[in-house]
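Asker: So you can see what is in the structure, the chains are spelled out below.
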Amino acid sequence: MAYCVRCGVELQKGLKYCPLCNTEVILPNDEYIEEGIRPFSDRIPRNVRPRVNLTPSRAFVILATFIILVPLLITLIIDLTANRTITWSFYPITSLVLLWILIAYPSLLKGHTPFQVITMDILSIAVFLLSLDLYSGSFPQWSQYPALALLLLWVYIAGPMLFSWKRIYLVIALWFLGTAGFLLAIDLLTGGRNWFIQLALPIIAVLTFVGITGAVMRSLFKSKPLLAAGITMIIVVMVLISIDAIVNLYVAKPSLTWSPILAAVIVPAAVFLFIVNGNNDLKAYLIKKFHL
Amino acid sequence: MAESSKNKNISTDNKDWYRLDNAALIYPSIQSDRITTMFRLSMTLKEKVDPKILQASLEEVIKWFPFYRVRLKKGFFWYYLEHNPALPRIERDVRYPMGRLHPNLGTRFLFRVRYWQSRIAVEFCHVLTDGTGGMTFLKALVYDYLKRKGKDPGDPGDIPVGELPEEAAEDAYNRFYKNPLPLPDKGNKAFHIKGKLLHPGAIMITTGIIPMDAIIKEAKSRNVSLTAFLVAVYIDALQEIQDSLVSQNPKKRPIALQVPVNMRSIYPSKTLRNFSLFVMPEIDPRLGKYSFEEILQIVKETLITETNEKAISKSLARNVGGQRNWIVRAIPLVFKKLLMPFLYTRMGENLCSGTLSNLGLIRLPEGMSKEVERIDFILGTNPINKTGCGVCGYRDKLVINFAGNTRDKSVERLFFTRLIKMGIPVKIEVNEEIKKEPLSLKYRRDN
Chain A
592 MAYCVRCGVE
602 LQKGLKYCPL
612 CNTEVILPND
622 EYIEEGIRPF
632 SDRIPRNVRP
642 RVNLTPSRAF
652 VILATFIILV
662 PLLITLIIDL
672 TANRTITWSF
682 YPITSLVLLW
692 ILIAYPSLLK
702 GHTPFQVITM
712 DILSIAVFLL
722 SLDLYSGSFP
732 QWSQYPALAL
742 LLLWVYIAGP
752 MLFSWKRIYL
762 VIALWFLGTA
772 GFLLAIDLLT
782 GGRNWFIQLA
792 LPIIAVLTFV
802 GITGAVMRSL
812 FKSKPLLAAG
822 ITMIIVVMVL
832 ISIDAIVNLY
842 VAKPSLTWSP
852 ILAAVIVPAA
862 VFLFIVNGNN
872 DLKAYLIKKF
882 HL
Chain B
841 MAESSKNKNI
851 STDNKDWYRL
861 DNAALIYPSI
871 QSDRITTMFR
881 LSMTLKEKVD
891 PKILQASLEE
901 VIKWFPFYRV
911 RLKKGFFWYY
921 LEHNPALPRI
931 ERDVRYPMGR
941 LHPNLGTRFL
951 FRVRYWQSRI
961 AVEFCHVLTD
971 GTGGMTFLKA
981 LVYDYLKRKG
991 KDPGDPGDIP
1001 VGELPEEAAE
1011 DAYNRFYKNP
1021 LPLPDKGNKA
1031 FHIKGKLLHP
1041 GAIMITTGII
1051 PMDAIIKEAK
1061 SRNVSLTAFL
1071 VAVYIDALQE
1081 IQDSLVSQNP
1091 KKRPIALQVP
1101 VNMRSIYPSK
1111 TLRNFSLFVM
1121 PEIDPRLGKY
1131 SFEEILQIVK
1141 ETLITETNEK
1151 AISKSLARNV
1161 GGQRNWIVRA
1171 IPLVFKKLLM
1181 PFLYTRMGEN
1191 LCSGTLSNLG
1201 LIRLPEGMSK
1211 EVERIDFILG
1221 TNPINKTGCG
1231 VCGYRDKLVI
1241 NFAGNTRDKS
1251 VERLFFTRLI
1261 KMGIPVKIEV
1271 NEEIKKEPLS
1281 LKYRRDN
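Protein chains in written order, with this note's numbering: chain A, 592 to 883; chain B, 841 to 1287.
Simulated from the structure, these hints should not be mistaken for laboratory data.
Keep in mind that the hints are not guaranteed to be accurate.
Which bits of chain B does chain A cover? Going by a derived footprint, with three or more residues having C-beta under 8 Å, they are [claimed, not checked]:
#	segment
1	926-934
2	1040-1048
3	1247-1258
4	1262-1269
For every residue, glycine included, the Cβ atom is placed at its ideal position computed from N, Cα and C.
Starting from the given sequences, assemble the full structure and let the hints guide the process.
Answerer: Right under this line is the structure:
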């Protein structure tokens, strides 16, 4: 039994200081301080933010259906009585249908995954845009570009969702194919000036190569940040030089214009990092002099 | 509806959803990592808790309390409680109890059951119920647990052992509301303890265990009730803190304590949802320093004059009247949510310097009380008042739990040392020991 000499309260076993006044607990006769039964567990659970479920309930979908149905019917009836056919009401009606699909799809599908929902949403927005273009006259006029862009967006989202970040090489490969396909399509649609083969493809190839190297380096140089930073800088320089060369080759003749200046800044810095990485004395000196 | 009718285990007779009661209306909008709106009740048994049996008990007992087997949902104008088809799971206890429950997500229960060694604890979000309702649930749970363990808990008495009548789920505030009455006083901004808050979720619990006869004797000798005595000690402690911080009397603020009143003792209701209101004994130190006897007198008189049907119906009329106002009702929930935190600080927390909630003497059936060693009641904290005090008596002990969200324990120290000076022995327990910084570390940092 221990008492605080200052407050006079009896203290729980095992306390070294009085919780009220912070006075040290003195037990002159006790040989050892007995670890008493603590009144509370020591467990501190990890602070996990619970996931938010965004899927609306079926009951909400039914409510939303009727709320959407009313303006849809109003526009349709007004248009039909005035013009005897569907004219301007096509636009609000398709917009409302799109809205309904975006709200209702997740809850109508049993056991849906976020991937399915995103696929359906992107697809329906693309179809919506194409239908607007189709209805307004000569097709295709403009809608193919946003539709293709949406497709590319889908590829970017779908990659990690299908393969997960663990298979990052597959994700990068899919992104490469998607981007290349998108740019090729744009090139062909805009009259085939052939910039894809000469300009776009080499640049995407370089960027893909960088992505793969980055993924490899992340696993190899985790414990050597200086070396990793140095190599990253060298790779950046190589990328800049190749982009410079590719652009110049496409525009005029093979030459380098701006990239050597950047290389002159980055390469010495990278070399310095390599030296520091190999020299422990220098590392210690730098830490001592520049510690924060 | 679809979910409950599919699941054959769930009685379709049970009500599927509940309106929030008047006291609960404000809590979903104000709850955060710092204002968790939780309170905790626990029973310490003589033997170690068997989690499997406890889980089985919980699954049985929750069926009798359909109004606790709910999750919080958003309507267009108000929040509401909806039947939760899932079954609650027991959890291991933690160092910092009463963590936020995220009721806003609409998938969770609004209470949790925790166990540790020989202790069974329930933590309720105030949206569901008040201390009396929580205690009834805990009693039913422990009673069922002891029965399953093969003990003889004795005749249940008022402890529920089966389906509860519909009355247990009523919103009693609305039932006893009377047409417009004069509004209660608006009150003044009260004194609040200063201090740096701990990180959200952390909570410092200081428990004082006091022999019941000693403290009852002291209160009786002063001719006051136990609650009045404790409230006076608390106010006196707060007065000393304010005196040490502010030297000039005109700059001092009133010291008021929120003392919840169990309305079931005033109105004939058997509801197990919220049914309590506050009275606020208050001293005004601008008028000078109050002696303990003066404070005792004020508290005693306030508790007598304010705790009766007439006086309390004024607050009831204000609260329920606000809820029934058509303009208030027609405001969509999105906007109501913006206004609620403002109302809460302005009309609630700002007006008082702390809360002291006394659940009174808890009585258990004879067989059960042989198995239960101790009962604790802990209030959640909030960033304005910082400290709350939960009191409950059981057998020969009075357990006073202070829960605070700062490292400073001046209130606890002044409160308990006052009792010591009156000759009442106090035993102190804490959930976390604040360790003094070792000298060696301090030295190293200085150089």
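Asker: Which of the numbered hints are not met once you compare them with the structure shown?
Answerer: none
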